[in-house]
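Visitor: Sequence:
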Amino acid sequence: MRILMRGVEFGDERTRQNMERELRERLQRSADTGRPLRVYCGFDPTSTELHLGHTVPMRKLRQFQDLGHQAIFLIGTFTGTIGDPSDKDAARQQQSLEEALEKAQAFVDQAWRILDPERTLVEYNHRWLAKLTFSEVIHMASLFTVQQFLARENFANRYAKGDPIWLHEFFYALMQGYDAVALRTDVQIGGTDQLFNLMAGRKLMEAYGLEPQVILTFPILVGTDGRLRMSKSTGNIIGIDERPGVMFTKVLNLPDAVFRNYAELLTRWSPEEIDAMIGAMERGELNPQDAKRALAWEIVSIFHGDAAADRAAEDARRMHRGTAPSDAPQIRLSGPRPLVDLVAEAGLVKSKSEARRLIRQRGIRLDGQTVEDEHAVVTPSDRSEQVIQVGKRKFLRVLAT
RNA sequence: GGGCGGGUGCCCGAGUGGACAAAGGGAGCUGACUGUAAAUCAGCCGGCGUAUGCCUACGGUGGUUCGAAUCCGCCCCCGCCCA
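Quick note, my numbering runs 95 ahead of the 1-based positions in the first sequence.
A few of these clues could be false.
Here are the simulated DMTMM-like cross-link-like pairs (lysine to aspartate or glutamate), alpha carbons at most 20 Å apart as the crow flies [claimed, not checked]:
id, residue 1, residue 2
1, 487, 467
2, 256, 231
3, 487, 320
4, 345, 405
5, 327, 288
6, 489, 336
7, 487, 359
8, 447, 436
9, 226, 193
10, 447, 469
11, 447, 467
12, 489, 337
13, 345, 359
Calculated directly from the structure, the hints in this document are not laboratory data.
Can you make the complete structure from the sequences, with help from the hints?
Guide: Encoded structure:
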């Protein structure tokens, strides 16, 4: 129980007490009857990449798994075509079912970094949501009032600003709620921003004569910018499939202020350890950089193992000295090439113009020497590789063919 | 269905015939400073072998004009008010 409730956050003490009590009762009943609880968390396939933000509820699912319960990894192949308004100021762009299914596959592939494939049920909500009849939808809609929706902060804001609120956005909560009905779940896990949707699930379950699910919500993980929720569309993500070195430096470059948020949501550290570290930082006994180095190691280790974490830490040191990390991309050259073409082709910059710009700003180095000439040419050497560095952290190794 | 106001670069937003790749802000990128953070300062910020050059771009389309983000026609879309 202590493990399962760790990190749970509702923003309301009464809700927390109620949920804790309900969860305790369910666990007891499960122990008595031998029926594992059905625990699920849904993810809309809006990108092809799972990121650290997704892993917070996923790891909670894993904890339930490890206690013998049934984890359901639900992919919002249908809800994902509508778009969740929860974290948005504006409506999300819609996509087709085909696109959603493609991304869903990518999600499943990455999910096994956290979940146990043997004990996970993967579900797709288009299987039941696509079959609902209009009268069923109307019935569900009749259980909620427009005022309840307009009371939600993001809708209220958009309404006040005169921004469009599309009718179909209201249905998002109903659809997600119906997932709980269709799956007959005992527990649903989600971010605190999902509270409204999860509560809609409880309401619908009651209306369908089912016992309402227990809901557990968790704080939102902020992105690399240190302010906004981590999400692909904001571009502030750390993907769980990213190379260990990239993951490591991204964590290292986080603003100091998010240390607690990350430590509590992502690491295996105990609350006591985390408090101790933050206390030491505040007293000036621990350099925040060292704390983040430990955090980076811990996070990389969780997803890629200790060895990869060690290597990433070493690479970060090398990069700081201006030498290429061990996993830097390589390119083979048969003859002299203009530097500008080379870095553009290798994808280190978006365009040749950008490359020229960077040279003018002294942001490109060749073997440690700042490149001064926009027309510089790279000539491959048989003897040794050459290292091109763009900005602080992009490297390219050049070898002769 | 009617009236009014809108649709501009990644986002917000100024711009009502040429000096507009288009003010300003945000985001992003580079450099300095630092702890590889934050803050601050400077620069950059559509593309093109760099060019007082060309291409792409101001909801769509068709016009007017030497010249259109700016004017006109038609169309699409959004907000507010009324029905």
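Visitor: Against the earlier hints, flag every one the structure doesn't satisfy and list their numbers going up.
Guide: Hints 2 and 7 contradicted; others consistent.
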